[in-house]
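*Asks:* Since chain A is already given, all that's left is putting chain B on it; use the hints.
There are 2 protein chains.
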Amino acid sequence: MMFTKNNQNAVSAIGEQALIQRINSWLQSVTLPPPQGIGDDCAVIHHKTAGSQIITTDSLTYGQHFDASVCAQDAGSKLIKRNLSDIAAMGGAPDHAVLALLCGPDLAIDWLEAFFCGIRACCETYAVKIVGGDVSGLAPGHFSAVLTLIGSVETTKLRTGAAIGDWIYVTGSLGGSILEKHIHFTPRLKEGQWLAKQPDCSALMDLTDGLAKDLEALLPHQSCARIDIQQIPIAEDALKRANSSGRMPMEHAFCDGEDYELLFTINASSSPADFARRWQHSFPHLRLSLIGQLAEASDKGATYIDQASNEALPWVHGFEHLKE
Amino acid sequence: MMFTKNNQNAVSAIGEQALIQRINSWLQSVTLPPPQGIGDDCAVIHHKTAGSQIITTDSLTYGQHFDASVCAQDAGSKLIKRNLSDIAAMGGAPDHAVLALLCGPDLAIDWLEAFFCGIRACCETYAVKIVGGDVSGLAPGHFSAVLTLIGSVETTKLRTGAAIGDWIYVTGSLGGSILEKHIHFTPRLKEGQWLAKQPDCSALMDLTDGLAKDLEALLPHQSCARIDIQQIPIAEDALKRANSSGRMPMEHAFCDGEDYELLFTINASSSPADFARRWQHSFPHLRLSLIGQLAEASDKGATYIDQASNEALPWVHGFEHLKE
Numbered sequence: 001m002m003f004t005k006n007n008q009n010a011v012s013a014i015g016e017q018a019l020i021q022r023i024n025s026w027l028q029s030v031t032l033p034p035p036q037g038i039g040d041d042c043a044v045i046h047h048k049t050a051g052s053q054i055i056t057t058d059s060l061t062y063g064q065h066f067d068a069s070v071c072a073q074d075a076g077s078k079l080i081k082r083n084l085s086d087i088a089a090m091g092g093a094p095d096h097a098v099l100a101l102l103c104g105p106d107l108a109i110d111w112l113e114a115f116f117c118g119i120r121a122c123c124e125t126y127a128v129k130i131v132g133g134d135v136s137g138l139a140p141g142h143f144s145a146v147l148t149l150i151g152s153v154e155t156t157k158l159r160t161g162a163a164i165g166d167w168i169y170v171t172g173s174l175g176g177s178i179l180e181k182h183i184h185f186t187p188r189l190k191e192g193q194w195l196a197k198q199p200d201c202s203a204l205m206d207l208t209d210g211l212a213k214d215l216e217a218l219l220p221h222q223s224c225a226r227i228d229i230q231q232i233p234i235a236e237d238a239l240k241r242a243n244s245s246g247r248m249p250m251e252h253a254f255c256d257g258e259d260y261e262l263l264f265t266i267n268a269s270s271s272p273a274d275f276a277r278r279w280q281h282s283f284p285h286l287r288l289s290l291i292g293q294l295a296e297a298s299d300k301g302a303t304y305i306d307q308a309s310n311e312a313l314p315w316v317h318g319f320e321h322l323k324e
Numbered sequence: 001m002m003f004t005k006n007n008q009n010a011v012s013a014i015g016e017q018a019l020i021q022r023i024n025s026w027l028q029s030v031t032l033p034p035p036q037g038i039g040d041d042c043a044v045i046h047h048k049t050a051g052s053q054i055i056t057t058d059s060l061t062y063g064q065h066f067d068a069s070v071c072a073q074d075a076g077s078k079l080i081k082r083n084l085s086d087i088a089a090m091g092g093a094p095d096h097a098v099l100a101l102l103c104g105p106d107l108a109i110d111w112l113e114a115f116f117c118g119i120r121a122c123c124e125t126y127a128v129k130i131v132g133g134d135v136s137g138l139a140p141g142h143f144s145a146v147l148t149l150i151g152s153v154e155t156t157k158l159r160t161g162a163a164i165g166d167w168i169y170v171t172g173s174l175g176g177s178i179l180e181k182h183i184h185f186t187p188r189l190k191e192g193q194w195l196a197k198q199p200d201c202s203a204l205m206d207l208t209d210g211l212a213k214d215l216e217a218l219l220p221h222q223s224c225a226r227i228d229i230q231q232i233p234i235a236e237d238a239l240k241r242a243n244s245s246g247r248m249p250m251e252h253a254f255c256d257g258e259d260y261e262l263l264f265t266i267n268a269s270s271s272p273a274d275f276a277r278r279w280q281h282s283f284p285h286l287r288l289s290l291i292g293q294l295a296e297a298s299d300k301g302a303t304y305i306d307q308a309s310n311e312a313l314p315w316v317h318g319f320e321h322l323k324e
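First to last, the protein sequences are chains A and B. Using our numbering, the letters of the first sequence map in sequence onto residues 1 to 324. Using our numbering, the letters of the second sequence map in sequence onto residues 1 to 324.
Among the hints, a few may not be true.
[Claimed, not checked] In silico DMTMM-like links for lysine to aspartate or glutamate, alpha-carbon gap of 25 Å or less:
1) 190/A <-> 200/A
2) 197/B <-> 95/B
3) 129/B <-> 154/A
4) 129/B <-> 95/A
5) 129/A <-> 74/B
6) 190/B <-> 251/B
7) 300/A <-> 200/A
8) 190/A <-> 74/A
9) 5/A <-> 110/A
10) 129/A <-> 154/B
11) 240/B <-> 95/B
12) 240/A <-> 67/A
[To be verified] Just so you have them, the derived chain A footprint on chain B, three or more residues with Cβ under 8 Å:
13) 56-69
14) 87-95
15) 130-142
Source of the hints: derived by calculation from the structure; they are not laboratory data. Glycine included, each C-beta is placed from N, C-alpha and C at the ideal position.
Chain A on its own, in the form it takes in the complex (with noise of 0.2 Å):
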């Protein structure tokens, strides 16, 4: 149970004192002692000389990015891997985190011990330290977390800076997340670090909203995406959702968040078949498609052409966060 009756399991029971010394031990070798860690005003970073730093936040928040149905350490999992999304879109590495934690009186302290436990088991594989953080009081019932994540970048890959005729990818396959992938993915941390290091790779940023709302924000002024449909990488669960939804899945692959895959684009100059290769050498196993290619906006000034048929495409809309 994430929130109990039960005073003696709850967190108002031991106080914050007690309970940031608690959350100290439960995240053992992920944290580091003060003034570089937790326990002082501020965490004092040390930070590397070469490159550039790169800072992102994120929350999550029951009821909104998980539900009962979601077990403590994935949804602390959760939490670390959608920070770390954001930093492989920018071709970084991870380095230090600061946590806020907001919650009820009645939150279950064995429930957060484990939301830790998997906040530090995703620190470990991907050598993030948790340096400091916040506790704060929720009405009852209530639980948010947001995590700020520090990283380091050599070569920066924004948005911005795609051209027209440039080649646009995506990793993986899309639609249908909230089946299963949104708590059980992986952050492409490798394949952005590599990503950055390609020449032709002129922008790039992660799939979170959903394939038709985040494209639009790698288009240059007054471009399209010409879109090659048969190349759209539909997810099995997009097929399943489909079943159920009565929509297409075409429609799950395009609208649905929280993919968490690369969306990049590659110099019009650039051969796919050749970049194609380079993929294949470094990640056998994660699946690229080729799915359209930016272009002078189209006459209709529609935002995504389909290039066979040279209509538009009606899937515009992504996740949108404050809907009721």
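*Replies:* Chain B in isolation, oriented as in the chain A frame:
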């Protein structure tokens, strides 16, 4: 009104992307263009090479840290100042921040604009740049914001570092903050930076959970604090609170949270009279109180001892964040 039944004035009416554009325009002068600012997967930080970097995170939740009696601008500036107080407590200067916004779909846009107006004004005053963030949903009627602030420091002053015999000081006056000061306080940045440069300052922190709880963090192993009760700077609002609470003003000065003053120690070998002169020269308008001295642990194991009577002081608990 913070939350609205008028859908046109709710954040859900405009959606996340348009909301982020508005936030960008509200923040105006205190943002940077991407990739140094809002707009890509991460923000790129150009850090100074001298000194160390420090990081802190703090949250602000409706119903916990402010209520309907607090105007939106003041709530926004409180979020920034809470974090600035942590930077001050390390003797640092603020640089960059990222902001995670968690809100119900019924949050009123005009309230949020005023909230960001308070953030902007405060960031202008203290030279903070908001370089990124995240927007995420909560259940209707709920609002939290989490700020992670990165600063820099030449000489770090930690909580640990005090020794037995050191003099204990606080700035300003204590207690009754809930009446007014928890909103209208000044983070002690200049004072913290000045203290960081004083070779005889041995430990430094800010007071957020009450003197009774926070002072314990400065105590070296097997020590206690001998307190000169007459020198505790009781705030006028602690007297006001005592009138209605039935507790002693001194208890409010010791145990109330959110003073946002500095608590620090000066080497035993330094002359308090000389230190008072140095302080007065730099900060003639901010009260400084020498409230006691660190001493060997007492027989009874008490944390705080009244210098005059040699008796243990009864106030050992501060503000607890997770109690119902």
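*Asks:* Evaluate each hint against the coordinates.
*Replies:* Here is how each hint holds up against the structure:
no.: 1; hint: 190/A <-> 200/A; in the structure: holds (17 Å)
no.: 2; hint: 197/B <-> 95/B; in the structure: holds (19 Å)
no.: 3; hint: 129/B <-> 154/A; in the structure: holds (23 Å)
no.: 4; hint: 129/B <-> 95/A; in the structure: holds (22 Å)
no.: 5; hint: 129/A <-> 74/B; in the structure: violated (34 Å)
no.: 6; hint: 190/B <-> 251/B; in the structure: violated (29 Å)
no.: 7; hint: 300/A <-> 200/A; in the structure: violated (30 Å)
no.: 8; hint: 190/A <-> 74/A; in the structure: holds (22 Å)
no.: 9; hint: 5/A <-> 110/A; in the structure: holds (13 Å)
no.: 10; hint: 129/A <-> 154/B; in the structure: holds (23 Å)
no.: 11; hint: 240/B <-> 95/B; in the structure: violated (37 Å)
no.: 12; hint: 240/A <-> 67/A; in the structure: holds (20 Å)
no.: 13; hint: 56-69; in the structure: holds (count 8)
no.: 14; hint: 87-95; in the structure: holds (count 4)
no.: 15; hint: 130-142; in the structure: holds (count 11)
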